[in-house]
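Quick mapping for you: the protein sequence lines, in order, are chains A and B.
The first sequence maps to residues 1 to 248 in the working numbering.
The second sequence maps to residues 1 to 103 in the working numbering.
If you're looking for bench data, these hints aren't it; they were derived computationally from the structure.
Think of the CB as a built atom: it goes at the ideal place given N, C-alpha and C, for glycine as much as any other residue.
Computed list of lysine-lysine pairs in DSS-like fashion (alpha-carbon distance at most 30 Å, straight line):
1) B:33 - A:157
2) B:98 - A:157
3) B:98 - B:33
Facing chain B, according to a computed beta carbon distance under 8 Å, are these residues of chain A, among others:
4) 90
5) 151
6) 153
7) 163
8) 227
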Amino acid sequence: MEENAYLASILASIFFLIASMRLIRLHRRTRERPELLLGLYFAFSGIYYLGYNTPSLLQFDAWPAPINLAIEWAYILGVFPYLLFIRSVFRPAATWAGCFVAVCSVCLLVGTLLLTQDGTVDYALTNPWFVVQWFGYTAPCFWLGWEAMLYRQNATKRARIGLCPPIVANRYLLIALFGCFQVFACLADLSFANEVGSSETVSLLTDALLGGAEIASVAVLWLAFFPPVRYTNWITRRAVILPTPMDG
Amino acid sequence: MATTLFDIAAERLEERCDMDRLAARGTLRLAVKEAGLDVQNLTILQLRAVFEKLMPNELEARGVTDAAATCQAVMNDIASAASTADLTTSSSPDEIFKRLGGS
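The following block holds chain B by itself, in its conformation from the complex (with noise of 0.2 Å):
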């Protein structure tokens, strides 16, 4: 089976927190679905941006301490893991919409 970036994220998130396999992967979905994401099809830009602002607020809801700390970590480590040629590509709805308006 495929390795998708969340799956590489939900196995550094249960190493670096005390979670089990489902709340890792639970916790990382609420938050990617809560940022308007596709699990299947993130990039590494926008993992990281949910890292950033929303994970850091999941992670203190469900008692993990330093959460913030623990949301870089987990970043550094999908950094070195991924590759960060996966940004948007033109053919993104986003981007094309962008065009459309010239903006």
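Next up, chain A with everything else stripped away, as it sits in the complex (with noise of 0.2 Å):
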């Protein structure tokens, strides 16, 4: 693993773990989908980071293949209720999200299969099915800050005539920050499989950039899922809501 990031990605898989057994706790409460998609996301990831990273935390070389093949998996596994998370929310009835999600997962699915098809998981820039899995899990990372985006413009102008909570537009923006970080994740993950396959050494720029990316990560999601009282009041003082002009 990079020389630092693996802390941040320990620090991220913690995270991710204690958020999705929130999330799936709040599944079991209301019934509702979304929160089960987004906590089994979670889950998948929170495993995946963890079992990744664990080598270069307790300082052994690698794992057994088998159990990097079931690591690799656990992540792509994760990515379709992600998908099925951003697809129910924001666009439940348009065919065009309906073909994005089946393109994302032939990729995820096809691109995996090929990539760990010799029995190991061969990371490098030159391996055509390591850039197809990549746009399987880069693309729902993008499409989740586009879209959390848009709805953040939206509910800002439903805040200002009390239509939304203040806080929820807000959350609009951690989300798509989240999504914004883990596209740039995703990006050194590029730079990542670029270097280790021709130097088998990462730079200083790459560490960085992943470190940095899942501690900001982490930090959105803080505030989204965990929004600490002083914050929510921060938020809710800050925001413009119209008065009634007929009170006048």
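Now that you have both chains on their own, put them together as the hints suggest.
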């Protein structure tokens, strides 16, 4: 693993697992699908990050190949509920969204199957199946960031006339930022694959980008899922709510 | 063609103000957009907020006298024409994001 980024990834994995437990518990109470889908995504991502970074943390060389494969598949399996979450929340009736989910799913399945066909995970930019798989997990992050930002714009307008709580409008922004930071992490994956494929060492820039993206992701998710009272009050105080002309 | 809440509201607005159909629909559409809402999926609660907070200024800007009273009258018309059951549902993104943060 990278020089220092594994510490940030371990932090992210612990946070993802805590967030997933909270979301799945919420699902058991509400019986609604979105919290279950997002909870599953965080659970699989948490397992992946924890498994992937354990050798660096415990200072051993690497997992045996079958465990490496299982860890890789854990992440990929988590992206499916992630895609379904984005679709069901933001574009439940759009045909194109269904097609996009299908394209990403095919990329994930085909890319991962062919990337791991010899029993190991071959991260290298020169391996076309790595790029196919990369598209399959990067596109949903970009999609989430884009949709949440669009919804944030309208939610801010709704908040002005009292139709959306300011903290919910802010939560769209936080989730959009999470999507953006995950895209940065995915871009760092490309750099990582390029460097590992050519020299088996990782540059400081890639290391910083990966670690920074994970820490920033955890920070915005913490504010989104576990907002401190002071933060909620601050957002609510800053919100501009229009008076009703008829009252005056 | 299905009649939406927007259609009903625009029709009432046209009757209450001295506006033609295009002007009434255009004015309301601008206000709905300004409110960050979707014309096709308006709820009565959302429309009420639009008529309370945004439409009076929009109508005044177009020379309608006593815009606030006109908005109130249109809202009363709509309330009798539409069901109040179409409030925000548990599957709307706002509701989902509200639940996710535990608020």
